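**Student:** Construct all of the structure, not just a fragment, from the sequences and the given hints.
There are 2 protein chains.
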Amino acid sequence: MSKRILVDCHTHIYTKRLVSLLRSRTVNPRIHTNSPDGSEKLAILPQEVSGGRTVGPQYWDVRNKVSFMNRHSIDISIVSLANPWLDFLDAPQAVTSAHECNADLEQYCCEATELFARAPGDSHVEAARRMKAFGIMPLAEGVDPTEIVKSLEAIASSPSLCGAILGSRGLGKGLDDPALEPVWAKAAEFGLVLFLHPHYGVGADASQPAGLWGTQDNGHVLPLALGFPFETAAATTRLILAGVFDRHPHLRLLVAHSGGALPILSSRLASCVAHDPHVCNRLHHDPRFYLGKLYYDAVAYGPEELEAVANIIGRADRYKAGATAPMAAKGAYTDKGVQRMMFGTDHPFFPPTREDGTVITDDQTETWRSVTENLEAISDVPAWSQSAKLGVFGQNAVKLFGL
Amino acid sequence: MSKRILVDCHTHIYTKRLVSLLRSRTVNPRIHTNSPDGSEKLAILPQEVSGGRTVGPQYWDVRNKVSFMNRHSIDISIVSLANPWLDFLDAPQAVTSAHECNADLEQYCCEATELFARAPGDSHVEAARRMKAFGIMPLAEGVDPTEIVKSLEAIASSPSLCGAILGSRGLGKGLDDPALEPVWAKAAEFGLVLFLHPHYGVGADASQPAGLWGTQDNGHVLPLALGFPFETAAATTRLILAGVFDRHPHLRLLVAHSGGALPILSSRLASCVAHDPHVCNRLHHDPRFYLGKLYYDAVAYGPEELEAVANIIGRADRYKAGATAPMAAKGAYTDKGVQRMMFGTDHPFFPPTREDGTVITDDQTETWRSVTENLEAISDVPAWSQSAKLGVFGQNAVKLFGL
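Protein chains in written order, with the UniProt record's numbering: chain A, 1 to 403; chain B, 1 to 403.
The hints are simulated quantities; they were obtained by calculation from the structure and are not laboratory data. Please note: incorrect hints may appear among the correct ones.
Straight-line distance between alpha carbons at most 16 Å, and here's what the computed EDC-like set of lysine to aspartate or glutamate pairs gives [claimed, not checked]:
id: 1; chain 1: A; residue 1: K389; chain 2: A; residue 2: D335
id: 2; chain 1: B; residue 1: K16; chain 2: B; residue 2: E100
id: 3; chain 1: A; residue 1: K173; chain 2: B; residue 2: E100
id: 4; chain 1: B; residue 1: K173; chain 2: A; residue 2: D217
id: 5; chain 1: B; residue 1: K150; chain 2: B; residue 2: E114
id: 6; chain 1: B; residue 1: K16; chain 2: B; residue 2: E106
Keep in mind it's a predicted model, so treat the numbers as computed, not measured.
**Tutor:** Here you go:
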């Protein structure tokens, strides 16, 4: 039995320059201190009502991430910028900022290496391998796609960067925008993993008089629990329907939150496509086939959810054009699907809270429930073999990212 | 082995009076003949761009439904009005129309009985038991909740009606509106099944510059495949978070499309609630517990989806307040969850189409793919026993609805 290696493929930071930029702004997204207690708040959405979420060093200080990793026995983290990314900037600013962010992310990984070298915790992984990062592309309205391709070239040549995170807006028209074709082509050529992550959710829905989330006080629960995975499902589906994976079969897309709402809706999607020949005829395969081409974090918080996602990924070949394979026996899909799933924490979001709901910010000794839940969810999937679980804990990520 | 009985709990009609009403209207929702080929189209949403879907006798003629049932060996159907329901009417009209619709639905079932008596097909179920219906409540802005309670009393006393279908808007503020408390109480008291069905979807999202569905031509795929189950998930979650199932533990809610996006997101929901003590403290149980109190149609089009839903329903007791049960062994949750699932077709939607995408309306001899897919999905769940499958095919519905 090989030793467990724990890789966190879904863990966020803000770079210090990005924090300064957000502090300097007077409209959202911005970091402000207008809260009653004077703490810094990050307000992301234009219509943010709560004033935003409390932020502190855990969002940008590398020492905090290193402490979190050692405390939870995380061997390797692949950090990524948290939202907002760069689509609130004008095109030249977005290009400049992407360049700066990628340099800062590389620097962040170097600083982490020094810290790990001094205090390795109980990890058997060498210091220089323990902190990697997704870079960022200048995806904002008006940016020339050649600038985005250039950012991918910069990422590919940056030793600690092994992909790029992106939201669902693209250049303003979403990810099914034909203008993004050179981006998919370049990412596939370089083997860079693109990490698709929700950003804006779907809550501000004009078709419901009281909005999709209504008027009852449910805190951030509905936009976070449902809005984010809805957005991810919509963006991923639009990529599939646009034929992106037909034209770029080697594109490596990692989908946040275990694919959001998409896996459980994929046969419904296939049925809707089958009843719309205009869409159906332009795709090479049944939509369910493409789910087997994607990668998924295991940030779903429950074993039944993870098992479902693995089964749905693993059955993909049944839906390849021309496939005649019958239903496989019980459990046959699991082993195949599970190879595309990988542990994540979503740190520093979902921090420990006190009884009254305030966030514990002096958290250097806390074990985070969001981490233990996602670890236990993997351990508890009844149908997964021990080696499948070791894959999800870290080996699948080691292989995908060449760690 | 008991004989298979096939019950369709998700099958729609329009009453002829409702069709006349929709034909008389000049704004959406309405039925019009402005299409190039002069066929009747039903345009439901205010912003309907495609002109609406082609409608014909299969939507209102009882002979068509009887033929469909006999052709697909469906023993019993519980028909329900399709959207739009009554929320486009003013309050007095909605009350009157609900009364008329419920009378017409009862009449529809009586007519079906006569037809079955004459031509029973191969069903062994007696004619008078084969057509049942969900009634409709006057859920529209400004309606006095006592009128809604009255409609439930009328439904309860109507021999062929065994529940009521409803969308997600309630009286305009959604289903978590405290004004609806007497409705939940009365439905629970009568044991009437409320069938929660999406209506408006979530597509018209102001937070995405190109809308959630973008600008590429994907026909109706995105709003149907994703928007509908998003809406269902949001509405069901809002009911849970509002404590409706804490106050009305005997409320019987049947959720369309296998719960839409909710089952796969339920552990994420639980995690978000756990991190928001304000919401968490007012609920009696972990949100996942409530999923075990609901009923689900099996309209998910794939065996892996159905298995996932059953597992997620079946684990609910693990999340009861104070529960200390460890993880059950592999498959232990399936048998419990599957008892709350029941076959449906969504007829007359998803009709057979020709190669060019036109709907086959002279379909009296066609086998519908949407039916065979949902039947095969049940048959193909590897983890389900034969008796569990017979339950989903019909016996669960017989028991729930007292058929």
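**Student:** Hint by hint, note whether the structure agrees.
**Tutor:** Right, here's what the structure says about each hint:
1. K389(A) with D335(A): holds, 10 Å
2. K16(B) with E100(B): holds, 10 Å
3. K173(A) with E100(B): violated, 46 Å
4. K173(B) with D217(A): At roughly 13 Å apart (the allowed maximum being 16 Å), D217(A) and K173(B) satisfy the hint.
5. K150(B) with E114(B): violated, 29 Å
6. K16(B) with E106(B): holds, 13 Å
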